[in-house]
Every structure is written in structure tokens, then in C-alpha cells.
Amino acid sequence: MQTEKSRTSRYSPRNKLHKDSYTTNCTSCGGTAVVPFAPISGKDVYCSDCFKDRKQNGLLTKRLLKGENERHPDVFSTIDLMSTTRASIAQMGINTPTPIQAEAIPLLQAGDDVIGQARTGSGKTLAFTIPMIEKCNPDLRAVQAIIVAPTRELAIQIASVVRPLAERRSLKGALVYGGRSLGPEKTLLNRGTQIVIGTPGRMLDHMRQGNLVPKNLKVLVIDEADEMLDMGMARDVEKIIQATPSERQTVLFSATVPDWIKKTAQKYLRNPKTVAVDAEIHASPDIEHIVYEVDKADKFNALKAVLSQQSGPTLVFGRTKHGVKKLASRLADGGYRAEAIQGNLSQNGREYVMNKFRSGKLPVLVATNVAARGLDIEKIDTVINFDIPDSPQLFTHRTGRTGRMGRRGQAITFLIPDDVKKWREIERFIQQRFPRTRWVPGTQPAMG
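Heads up: the sequence shown begins at 506 in my numbering, then just goes up one per residue.
Treat the hints as calculated values from the structure; they're not laboratory data. Keep in mind that the hints are not guaranteed to be accurate.
[Claimed, not checked] For each label pair, taking beta carbons as the anchor points, the in silico distance ranges come out as:
id: 1; residue 1: GLY865; residue 2: LYS809; range: 32 to 38 Å
id: 2; residue 1: SER751; residue 2: ASN849; range: 38 to 44 Å
id: 3; residue 1: GLY865; residue 2: ILE599; range: 18 to 24 Å
id: 4; residue 1: VAL718; residue 2: SER816; range: 30 to 36 Å
id: 5; residue 1: SER896; residue 2: MET587; range: 41 to 47 Å
id: 6; residue 1: PRO750; residue 2: ALA592; range: 28 to 34 Å
id: 7; residue 1: MET587; residue 2: ARG740; range: 21 to 27 Å
id: 8; residue 1: SER834; residue 2: ARG933; range: 42 to 48 Å
id: 9; residue 1: ASP923; residue 2: ASN849; range: 22 to 28 Å
id: 10; residue 1: SER896; residue 2: HIS827; range: 16 to 22 Å
The structure presented is a predicted model; accordingly, all values stated were derived computationally and were not measured. We put the beta carbon where it would ideally sit given N, CA and C, even for glycine.
Just need the whole structure built from these sequences, with the hints factored in.
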């Protein structure tokens, strides 16, 4: 009896990916399209170029915009996963992978080194976590996987994704980062921990003290590598790479790919496969952008007018530590539940404020760019640029914190006359112009 694969000659499995990955013909151009499932007869399938063209021209339905042309709604069932992994992702309520997951998981399962280029909120954490967890041996009481993140917050958020999958396989993990005592972390590392997640500086501290011994390492993940470069951590990251076995699998994720990342990949990765999903710099279709022209003296009143119409979690960006602290204080004095995170805040204070924001007890968080690095909160309804960022890249990083995982979001920018030149640079960079509305003092702004 013929199988589905053998009788459908136009679909050919690609063994380099996994047993259920196929190449087929693009419905639009007739070229090659790669899909991680056995294609359904009569269902449109597009190559990546045609998919992007159709998306830009508004030719895709809402269902296709979610990627159903590149994946089956239950494609996780076609990937060869452990039963514990299936149980974990089912418990998370996930049965459809994001594009980065559909492309990266099979490559990582096959043992390839991978460079992943995807924006925050793309589902990249689960993309590298699933194969990593399955490679670890619960019976080997030694470090087998390391995940390096630029900030404490991102490390904590990654750990929240890793933990349920690790627990189902009886794997032990340790979270290590600066700003707290080394002692408790040392205890965790010495109990036979298999997975370590943390920041570069603290990992190096444990390596130097002999608490973190990576001689049995199987997988090294470097997340948000471009952020680490911006924060001056490139040298520490290289030291960590050099301290690990050369036969490890290396996974590098970054929103952008500057020269340092290219050189690092060339030096330390083995024939890496590149997975780029929505890597182009453009305004996300899930984010509604509103730009208010306002005089500098009226900005605070404009902010209050906007916040009075907000009901969900709102992240407000300022330029300096002092400015952010002062802005949060003025909002609090005006009756708004707002607090600030900035570089001078203690680690305990920072975590206290972040937990309040995540839980919904604090509706407005005011932050600097540096303080907000690594924040990965899924349900931020609105991002407000009280001060516009100093670079176009920062604008995309800021606004990308809303409109996550298919949810709708709103990005509001206050534009004063002195910032017009900088704003034009941002619009050129993202190749899109946004309509501006003049805010009239004493009125409620139109919110789209």
C-alpha cells in the first residue's frame, strides 16, 4: 500500500531537516517552497519571497498572515518530539508554531549550528529551548546546556519558558546573574545542574571559581547577541565560547547581524544555517502608530491626556535616568499609578517594580532604553515615546515591545519641533511615513 509520501510525487522529503519536512512548488511563481508538513491537496503554498510580496500587497487573509501557508495548524504533531515535550507545549496552550519555530526546530534537531534573526516576540525562546531540552540527558549530572542573555530580566524570562519543559524531563536548572550573592547560585550549580541560564559576567565569575564546568556541554545558546554587543559584552561572550568544548552545538539569535556577529559566527560556528524571519526593518502590521506634534512645554499634559484613555499595561520611554525618575514621580503626584525603572535602581527594587507591572498591579512603567533592555513582557498594550529615541534602531526595539505574538498593539510618539530631523531619519530607516496629528492643549487626543 502506497504511503502519502510515495504517491504524491511532487512533494519530496528533505532528510537534512527532519523526516516530515518537504519541498514543493510555490503556488504563485512555481519555484521551491519548503514546508515542515505534508502539504494538503488544493492548499496554497508560497515560497518566502512570494509570501512577503503578497503580505506587502495585502493579498493574504488574516489566517495566512499568521503563517498557515507555511505550516499546518497542528504542525507540532508532525515534528518528531518527545512525549514530555508534547505534554509541555500542550499545557502551554500551544499547538501551532511561529515561523521561527517551524524553521529553526528541525535544523537544531538535526544538530546544525544556527544563526537566527528574528525580532522580539517571534517565539524564538521556544525555538531553541525545545531541541536543547531534548538533547540533555537527565542521568548525566553535569552542565549540558548554557543560555547566555544580555540582562537579568531576559534571563529570568527565558528561565520561565525553560522550566516547565525541563521539569517534565527531570532536568535541573540554575539561573545566574549579577546584583546578588554568588553563594546560593554556587549551591545550585554544585547539585548536578544540567542547564544554566544567565548573564555573561556572572557566568564567567562561576567559571573562574570552578562552579560552572562546561566540559560536558552539548548546546550553547547566545540570545540577543546584538544587544550584548551594544552593552559592551562582546569580549565576555567570546571568553564563554572559548571555555566550552569545540564539538558543542552553537545557537546564536539576534535581531540584527552586525559585523561582530558575522565574525563570531565565522570563527566559532560550524557551517551554520541561517534562519531569518521578519528580519527586515519595517513597522509591524500588528502595531498602530500615532504621532502627536506637541510643544515641549505641553508634553507632560499630552502624556496625561493619553494615559487617561489607556486601560491596559503601558510602557513609557524617556531618554535619561533623571528624566525617567522625575516623570514617574510627576505622574504619581498626579494620581497615576506609575513607577520607574532606571540604572540607579537596586536589583531588588527593580524586580519588585517589574513583578508589579507583570501582574497588572502597576499599569504604567516608565523606563530608559538601558533599563528596558531584555524586557520580554507579552501583554503590553501601548508603548509611548515620551522622548523619541536617539537612533532608528532604538525606535524599532522600543515599539516592538507591543503587538507581540499576533496581538494588536499601539505605539504613540510625541514629536517636538527640535526632534523633526531625527524623526525623518527614523521614517527613512523603516521605510514608512506616519501621519501626524497636532495636539491642542486642553483637549483629549484622538486615539485612532
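Status of each hint after checking the structure:
Take GLY865 and LYS809: their Cβ atoms lie about 21 Å apart, and the range 32 to 38 Å is violated. For SER751 paired with ASN849, a C-beta distance near 41 Å keeps the hint of 38 to 44 Å intact. Range check, GLY865 to ILE599: about 22 Å between beta-carbon atoms, so the 18 to 24 Å window is met. Taken as a hint, the range 30 to 36 Å is violated for the pair VAL718 and SER816, whose Cβ atoms sit roughly 50 Å apart.
Between SER896 and MET587 the CB atoms are about 43 Å apart, so this pair conforms to the stated range of 41 to 47 Å. Take PRO750 and ALA592: their Cβ atoms lie about 31 Å apart, and the range 28 to 34 Å holds. The hinted range of 21 to 27 Å is not satisfied by MET587 and ARG740, whose Cβ atoms lie roughly 37 Å apart. Against the hinted window of 42 to 48 Å, the Cβ-Cβ separation of SER834 and ARG933 comes to about 36 Å, which falls outside the hint.
Hint check: ASP923 to ASN849, Cβ distance near 27 Å, so the stated range 22 to 28 Å holds. Between SER896 and HIS827 the beta carbons are some 21 Å apart, a value that agrees with the proposed interval 16 to 22 Å.
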